[in-house]
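Sequences listed follow chains A and B, in order.
Going by our numbering, the letters in the first sequence line up with residues 1 to 252, in that order.
Going by our numbering, the letters in the second sequence line up with residues 1 to 360, in that order.
Hints were generated in silico from the structure; no laboratory data involved.
Here a beta-carbon is modelled for each residue, glycine too, at the ideal position from N, C-alpha and C.
No incorrect hints appear here.
Which bits of chain B does chain A cover? Going by a derived footprint, with three or more residues having C-beta under 8 Å, they are:
hint	region
1	211 to 222
2	230 to 237
A short, non-exhaustive set of chain B residues, derived as facing chain A with CB atoms under 7 Å:
hint	residue
3	Gly225
4	Asn226
5	Gly292
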Amino acid sequence: MTNPTPILQAKQVSKFFGGLTALDKVDFEVYPGEVVALLGDNGAGKSTLIKCVSGVYRPEHGEIFFNDQNITHHSPASIRDLGIETIYQDLALAENLDVGGNVFLGKEKKRNFLGLLRVLDDDFMRSEAAQVLERLDIHIPSLKQKLVNLSGGQRQAVAIARALYWNAKLLIMDEPTAALGVPEQRKVLALVRSLREHNIPVIIISHTMQDVLEVADRMVVMRRGRVVANLPRSQADAEILVKHIVGAAEVA
Amino acid sequence: MSDITAPPRPANAPARFHWRRIIRGQEVGIFLVLVGMILFFSLSTDRFLTSINLTNIMLNFSWTAIAAFGMTMVIISAGIDLSVGSVMALAGIATAMLLARDNSPFAGPDGSVPDAVIPLAVLAGLAVGALCGLVNGLLITLARLPPFIATLGMLQIARGIVYGWSQGWPVQNLPGNFMVLGRQNIPVGSFNFPLPTVIMLVVGIIAWIFLTRTAWGYRIFAVGGNEQAARLSGISVMRTKLMIYTISGLLGGAGGVLLTARLGVAAPTAAQGYELDVIAAVVVGGTSLSGGEGSILGTLIGAAIMGVLRTGLNLIGVEAYWLPSAQGIIIIGAITLDQWFRRRQGKSAGFARLFSRGGR
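With the rest of the complex left out, here is chain A (with noise of 0.2 Å):
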């Protein structure tokens, strides 16, 4: 690692449901410019670490810190203003909307009409659409398609296109390939690797092992809401990482 400091750093992060206990005392960080690859089964409390990152939920005990400002406690707007960016499993796009629409929801560009009247500036929108997709090397036949009539793999460029035309300085993405057929799986680990070249670190949440393995420079486990394994790719294989996520490591 040539730069020590971690821009994101969770330290003895805890979080509770009730009884059940989500996040159990998680130390996580994530270097300028890799990609972490966050691994578990089903309820290893995987989303619940991403969650308490982009504000979502609010941990009970510890401290999250980004770039060094403590951002425990902002709200999921203020922290997406930082520079993180949350990709959802289901994209959280409006699949009613254009591609320029989507980029800029929530912080529409207006222009003034005859002086008196704030209007949307939809040819501006498309344009910078155009150029942050042109910059990730996507192409999509028409921004004024309506989302409903793209394929999952341009929504989940649209989606990162989103993220990194607000300056994302750090991605984090839940499931990225899970809905997408294999051809499209292979554009978006692409993606994944140009946003590493643009220096912009990212975590991946994904249970395909061949993925993690393709993009990730390093992984980590989780199991019933602790951190169980921290490995450098090379480190790392499917066997092991099956082992950490079956928990049969600790018991071997």
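Start from chain A and add chain B according to the hints.
Just chain B now, with coordinates in the frame of chain A:
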């Protein structure tokens, strides 16, 4: 490398003016239904295509259309407002109570109400409507009631206030200058436009600009398309919904005030069941009940279809008793046709394509 789809096309084509930006493909189907109905009635009776009859038709769907513009926004947001008929009646009663000869708190010694009270009374009617809508919005956002339940409750509550307040009697003896609002005609050439129709068109244009050209309107579509996505994008879903229901109440109130001005009396039974006429106009107009899609122009056409049907059937000698059945058939028929057109358009083939040239 990450070439996600095949033929790349210049993404940022120069913005040209497309008719489709105003008349979207989805309005084509119901517009043809309207034209077909007008043709049918014109050929069936020579009393249909007269300027008096056309004036009458326009007048009769004006309040429905005004309320339906608000309902359009509600339904685009994937909600519903069942209270609109009762809110119309309540706004009408509120206005009439302030204006009724002898009974108004502003009545002079001779019982007459000064004209200066009229704008105040109209504003009071609008405010009552907006307030009902705001309460609907609060019940939906803060109390987290489904819109159907919250507005069903408001339907009953507002109607109860109307009966209790008026003690079941119609409020009448309103000043002549108030009734002008509902009875004045604005001549354009040889054609007389009723004032409520002119007001309806102005409200429609404002609603159309608001819905399609402003960020607020855009957020209504976003909330209706994917509420969760809207929330995660930092859109205040609560504020958006409060706004939507308040607008619906306000426009319902405006319809109620105009109806009262037209009739010259605020009856406690006024506008009973109008919510269904209003919803029918919106739905016939192509707005999807599942949210995220719809247009003001479509609603205007939808309201016009219902208005033409009512008067047209009357003129060709169909007994009024049968009218509801005909309305039901039109609602089902128009929506069937609309869906057929949309499916065709989805394949970007056939007729609708003619109207969407270059706009894809």
